[in-house]
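Each chain, written out:
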Amino acid sequence: MVGRNNTFGNGADVASTRLHNSGEKQWQLEMRRIGDDLLELSCAGRWCQDQDLPAVEVILAELRGDLGHLSFDTAQLSAWDTGFLAFLRGLFTLCGERGVSIDQAGLPQGVRHLLAMAAAVPEQKVGRRSSPGQGLLFQVGAATMAFFRGAPEMLSFLGEITLSFGRLIRGRARFRLSDLWWEIEEVGPRALVIVSVISFLVGLILAYLGADQLRLVGAQIFIADLVAIGMVREVGALMTGIIIAGRTGAAFAAQLGTMQVNEEIDAFKTLGISPIDFLVLPRMLALMLMVPLLTLYAGFVGMLAGMLVSTTIFDIGMFEYYTETLRALELKHFLVGLSKGSVYGAMVAYAGCLRGMQCGRSAESVGEAATSAVVTGILLITIAASLMTIIYYRLGI
Amino acid sequence: MNGAPHIEIRDLTMAYGEFVIQRDLNFVVNKGDIFVIMGGNGCGKTTLMRALIGLQRPAKGTVFYGGEDFWGVEPEEQERLKRRLGIMFQGGALWSSLTLAENVALPLKEYTALSPRHLAEIVSFKLALVGLAGFEEFYPAELSGGMKKRAGLARAMALDPDILVIDEPSSGLDPLTARRLDDLILELRDSLETTIVVITHELASILGIGTNSIFLDTETHTMINTGNPKKAVASGDPRVRHFLTRGAA
Chain A
1 MVGRNNTFGN
11 GADVASTRLH
21 NSGEKQWQLE
31 MRRIGDDLLE
41 LSCAGRWCQD
51 QDLPAVEVIL
61 AELRGDLGHL
71 SFDTAQLSAW
81 DTGFLAFLRG
91 LFTLCGERGV
101 SIDQAGLPQG
111 VRHLLAMAAA
121 VPEQKVGRRS
131 SPGQGLLFQV
141 GAATMAFFRG
151 APEMLSFLGE
161 ITLSFGRLIR
171 GRARFRLSDL
181 WWEIEEVGPR
191 ALVIVSVISF
201 LVGLILAYLG
211 ADQLRLVGAQ
221 IFIADLVAIG
231 MVREVGALMT
241 GIIIAGRTGA
251 AFAAQLGTMQ
261 VNEEIDAFKT
271 LGISPIDFLV
281 LPRMLALMLM
291 VPLLTLYAGF
301 VGMLAGMLVS
311 TTIFDIGMFE
321 YYTETLRALE
331 LKHFLVGLSK
341 GSVYGAMVAY
351 AGCLRGMQCG
361 RSAESVGEAA
371 TSAVVTGILL
381 ITIAASLMTI
391 IYYRLGI
Chain B
1 MNGAPHIEIR
11 DLTMAYGEFV
21 IQRDLNFVVN
31 KGDIFVIMGG
41 NGCGKTTLMR
51 ALIGLQRPAK
61 GTVFYGGEDF
71 WGVEPEEQER
81 LKRRLGIMFQ
91 GGALWSSLTL
101 AENVALPLKE
111 YTALSPRHLA
121 EIVSFKLALV
131 GLAGFEEFYP
141 AELSGGMKKR
151 AGLARAMALD
161 PDILVIDEPS
171 SGLDPLTARR
181 LDDLILELRD
191 SLETTIVVIT
201 HELASILGIG
211 TNSIFLDTET
221 HTMINTGNPK
231 KAVASGDPRV
241 RHFLTRGAA
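For the record, the sequence lines run as chains A and B. When you line the first sequence up against the working numbering, it's residues 1 to 397, in that order. When you line the second sequence up against the working numbering, it's residues 1 to 249, in that order.
In short, the hints are calculated from the structure, not lab data. Here the structure is a predicted model, which means the values were calculated and not measured. Just so it is clear, CB atoms sit at the ideal spot from N, CA and C, and this is done for glycine as well. It is possible that part of the hints are untrue.
A short list of chain B residues far from chain A (calculated; beta carbon distances all over 10 Å) [said to hold, decoys possible]:
1) Arg57
2) Arg117
3) Ala133
4) Tyr139
5) Thr222
Which bits of chain A does chain B cover? Going by a derived footprint, with three or more residues having C-beta under 8 Å, they are [what the hints assert, rightly or not]:
6) 26–38
7) 182–191
8) 288–298
9) 361–369
10) 380–391
So that you can see chain B by itself, here it is in the shape it has in the complex (with noise of 0.2 Å):
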């Protein structure tokens, strides 16, 4: 590591045609940061995202991962990036023809050289840790939408990556399920240093897992709060406030 901050957006802007989303992003994730991105429906949360993990480029700006320029380096270098980041999709993007235990097998098969055996064993671990030890054998088509919204972060967790990107966590949970979720990832984060980006409305988990925010607005299309979640209840911006309290404050 060369100093440079973990993840760094720079000026960036995202926009569909003549339509800006979001413009003027500047933030900083440090390592071990969970980094929670938050706003109303429609702010631009998952576009924004989608510019993080490389799959829309953005109208400007770039994103920093260690130094390097994610959308100025070539492809090849781009790959290598992604290799670092563990993606969960809001409903678990499981590919339908394959059990689960080959959904999350897949990536592990592709980049390492485990015997099958290990891997076996890996996968079986991974599915244990978000509750569904048992299930390697079934299809996503078989399983709830919680279910597979779980089985979707032990494939984001399958190389044991250094940035976890979760898109929308804990919505369609149970209490209880949503919370050992949130409890996974402070200990993925403490145990494996693992650096946390959660795209998330759910006040429970804002409040209760994240370190750092950004709070991306509707009307400004633009970030407007950043810093500790829990500061922004008590001294963040109003606008902040009053999502954060459910329009109490």
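In isolation and in its complexed conformation, chain A is listed as follows (with noise of 0.2 Å):
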């Protein structure tokens, strides 16, 4: 609450006005024209950050008019902080911009240090930007300049990891062999649990669902090639091809996110080494080698849940189970769940890598990195999958 009390007539060129706030804290502001020329503010009390202090504004009605000189009385000043500093700057401002000439004589010395302090430096014009427009239509705008804008870096970060390979191949590529070896070990043993767990339910969900179709037409014994087919095939790389790219797509695009910033690739390229044979190349032949691999083993654990399922809830036995299923696959399947997993995995590596590679140089954009790895990682496997499924099916694999 802001009280003010007006006094005139306190001699014949004389008008005050007292403002003062009614709260414990309490400031109190006397604004005395002296004749047309001088102002003086009176400030007493407490000036501190602790409550909201009188608007600049308050005084402008008194800058009106011939007034040349502004000045201070600050005897009865009983505490300051930056909050009165603050005051004082947006005061000294609007005082500029007025051509009214300031006295800081009557300021405590304390007060006109840190206020010359303030204006040392001046403000950056440049620096103060007006927030931009955010409506659909710009944040539309934005999307689809970003992907346009993101289409040609991914093309090129594509070749860039052709030439790495190119240069793997003739025995040029530079990164150890012991980074490729971790990574190994990162991205296909510690991944077993996840995967044995998801591809057990995935079987047993896959069994269910085959069980309750078939069972209409007497033929539940084809649970066994449903599973055994789907798992192998299509069900057991594109599971692992998702867990893959949430799990290791993100570390990637973390782990490389925060090399960028703290300047790690850059000073990769300021030795002359590649980073993205030093950095990528392992990631991506750790990837391409291993979630073949682990589609393998998600297959025969899918196909492992279809069979407990079938022998235990709907009676197959196990040995008519394990006969149906070696009669229904073929090589051309494991092949075509292998050339799956393959592909899948340096999807999931590139989208990882890509993202990392790109990241900002704050906390904040390894986050959206690693986001955007997963993301990207999912779209490319999703798109992936459905040519190669249709380009089988026309090859007649």
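Using the hints, build the complex out of the two chains.
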């Protein structure tokens, strides 16, 4: 609450306005107009930032007409901090705009010094920005432009990886084998638990789904065909790809993104070492080698789950189920599954490394890179899965 | 205030497991001091700072603020004591998802009921004090290391704390900006009666602004000198003189 007392006729050429707040932590401001030319501000009480101080606009009315000078009386000022300084800074700006000169002699010495320090470095006008419009149209436009800007970068990164593989084949790629082994261990054996759990549950779901439909025509034994071909050919690779995108793709993006933040990637470049060879290649190789193996493993775990459901719930003999599985599976199903696993692995590694290398310089951008790596990885896997399914169908594989 | 020292460090030992960084530290920081904690690389300056500001419990001993045992009180009391402190971390430690203005405004929003307009005025003034007027809407990632450091100081000053703890204020700054920052530290002490604790090994700052100090020794893992650093150059422990004269003495 701000109170106001107007006092006029205090002498022929003096008029004063007194403002104060009504809280416990009181400040008082008295504006004394002395003649036409001078305004004296008398600041008393506590002027601290733990309370709202008067807005400089209340003084605006007094800065009218031919007022030329502003002075201060702070004899009754009991306490002040940067709240008072911020108030004075706003007031000085206002006076500057109106050509009113300021006599700071009445201000405490510390106030004068700190105000001078704040004014010592001129404000960077280029630094102040207007916030851009964030309407729907703006966002759609920005997203579209970002997509078209991103596409050449994705292609360029693909080109760099291809060149790096070329150097690898010619034995000229520089990376440490220990890094490759470390990555292989990280993306392969350490992913076995999560791949086992997911594949088992997916195999179980497939078996139940098949049983429900096949029971209608009395052909429940074909659960074995459905689960075996489904897991080995499609679902094993797809689920492994998605698990790896969430687990390893995000990790790749976060690792490389953090290296960007710490300028480690710049350090590689300045030493003439290709960060693609040193960092991306081992990760690509690790995933391209391990994801097909994880896919095979996922297929077997899925079939095991199918067998468990069929023998315990649907009364199919274990030997019967095993024979039917062997009859259904052909080498081509394994090859299709393995090829898909390799491609999905490459896609995940590509997305993770791409987003990591594109990462900005802040902690926030590392998070964005990790999220984007997962989204891009899953999107690429889905596109690749669709294309490969169509191609294999056309080829009769 | 109850007549107790402003900050008192009593029998403080800092350790990582079995490895003792510094042991048996005893010193007092008086109100209005610019207290320098100095020492060579790896001597435990920052570890000591973490004990002072409540980020790392000491292996032994404690820190008293105005007679209150920081490590002996309940967490709620610790939070109250922490509000008397403003901390500037070595790299600024700005929140990367917030603009500079939002970084400085956050403590004010949390602990005061200021109107948005006053808040903006105060934030703008604090940034101007550290030479960053006009950078309100910038994100930390868009700033240089020195600017981040200065913005970190503006955030540390947000609540006009009693005690300002500053980790390596001048490192990475150009000489003029470093001098300006030293002047600001002096002015904050003189005008707002802020007690300043500075962790540094920058000789210009140590000798330019320090009124009291301790020297942490890497060899003996304890403090080997206290008092005004200017006096230490002339008559302090030989190891401290060696350090303060860059090996000349």
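Could you check the structure against the hints above and give me the numbers of any it violates, in ascending order?
-> Hints 2, 3, 4, 6, 7, 8 and 10 contradicted; others consistent.
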